[in-house]
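Novice: Sequence:
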Amino acid sequence: MAFLAALTTAGCSPTGVEIRGQLPPCSPMGTLAVEELSAYTDCSLEGWTLVFPDSETFVVGSANGSASTTEHPGLEWGASNWGGDGTVAWRRTNDGMTFWGPRAAIDREVLLLSRDLD
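Each residue of the sequence shown is one higher than the last, beginning at 9 in the working numbering.
Worth double-checking, as some hints may not be accurate.
Pairwise CB distance ranges, derived in the manner of DEER restraints [said to hold, decoys possible]:
| id | residue 1 | residue 2 | range |
| --- | --- | --- | --- |
| 1 | 111 | 30 | 14 to 24 Å |
| 2 | 115 | 65 | 19 to 29 Å |
| 3 | 102 | 36 | 31 to 41 Å |
| 4 | 79 | 44 | 36 to 46 Å |
| 5 | 57 | 80 | 10 to 20 Å |
| 6 | 67 | 112 | 18 to 28 Å |
| 7 | 33 | 102 | 30 to 40 Å |
| 8 | 36 | 104 | 34 to 44 Å |
| 9 | 81 | 47 | 31 to 41 Å |
| 10 | 102 | 32 | 35 to 45 Å |
| 11 | 32 | 103 | 29 to 39 Å |
The set of hints was computed from the structure by calculation and includes no laboratory data.
The beta-carbon is built from N, C-alpha and C at its ideal position, and this holds for glycine as well.
Could you put the whole structure together from the sequences, leaning on the hints where they help?
Specialist: Pasting the structure below:
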């Protein structure tokens with residue numbers, strides 16, 4: 009399930025957004041389509057490779073907020089590991105953002121983006 013929101017940000021500041029606990033690792037480590045993220049709520053996807061609908065890939069980092077790539081102008085994609093809330097993948101274009109993942113992780117990401125203090 010994708011959640012679409014139009015947000016404009018120049019940068020992200022994690023101030024005031026807490027990571028809630030840690031999940032045990034999902035094993036064995038593998039590759040996962042972002043559309044399947046919402047099913048992974050009881051284990052951590054750190055180190056897993058996420059595949060976006062446009063075939064771009066991203067490796068999930070540790071539970072410490074957002075990471076992203078900006079190889080193409082006007083396009084950014086990434087993932088955030090929100091510990092006990094799960095992992096959210098996101099894609100930003102000039103038209104807005106699309107999110108995939110458990111609702112709690114998406115809510116954390118939206119809160120992080122809304123607290124842009126730059």
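Novice: Now, for every hint given, state plainly whether the structure supports it.
Specialist: Do the hints match the structure? See the list:
1. 111 / 30: 14 to 24 Å: holds (19 Å)
2. 115 / 65: 19 to 29 Å: Since residue 115 and residue 65 have Cβ atoms about 25 Å apart, the given range 19 to 29 Å holds.
3. 102 / 36: 31 to 41 Å: Holds, at about 38 Å.
4. 79 / 44: 36 to 46 Å: Violated, at about 24 Å.
5. 57 / 80: 10 to 20 Å: holds (19 Å)
6. 67 / 112: 18 to 28 Å: Cβ of residue 67 to Cβ of residue 112: about 22 Å, so the range 18 to 28 Å holds.
7. 33 / 102: 30 to 40 Å: Since the Cβ atoms of residue 33 and residue 102 sit about 36 Å apart, the hinted range of 30 to 40 Å holds.
8. 36 / 104: 34 to 44 Å: Check passed, 35 Å falls within 34 to 44 Å.
9. 81 / 47: 31 to 41 Å: The hint (31 to 41 Å, Cβ to Cβ) holds, given that residue 81 and residue 47 are roughly 33 Å apart.
10. 102 / 32: 35 to 45 Å: This hint holds: roughly 39 Å between Cβ atoms.
11. 32 / 103: 29 to 39 Å: holds (37 Å)
In this structure, the one hint that does not hold is number 4.
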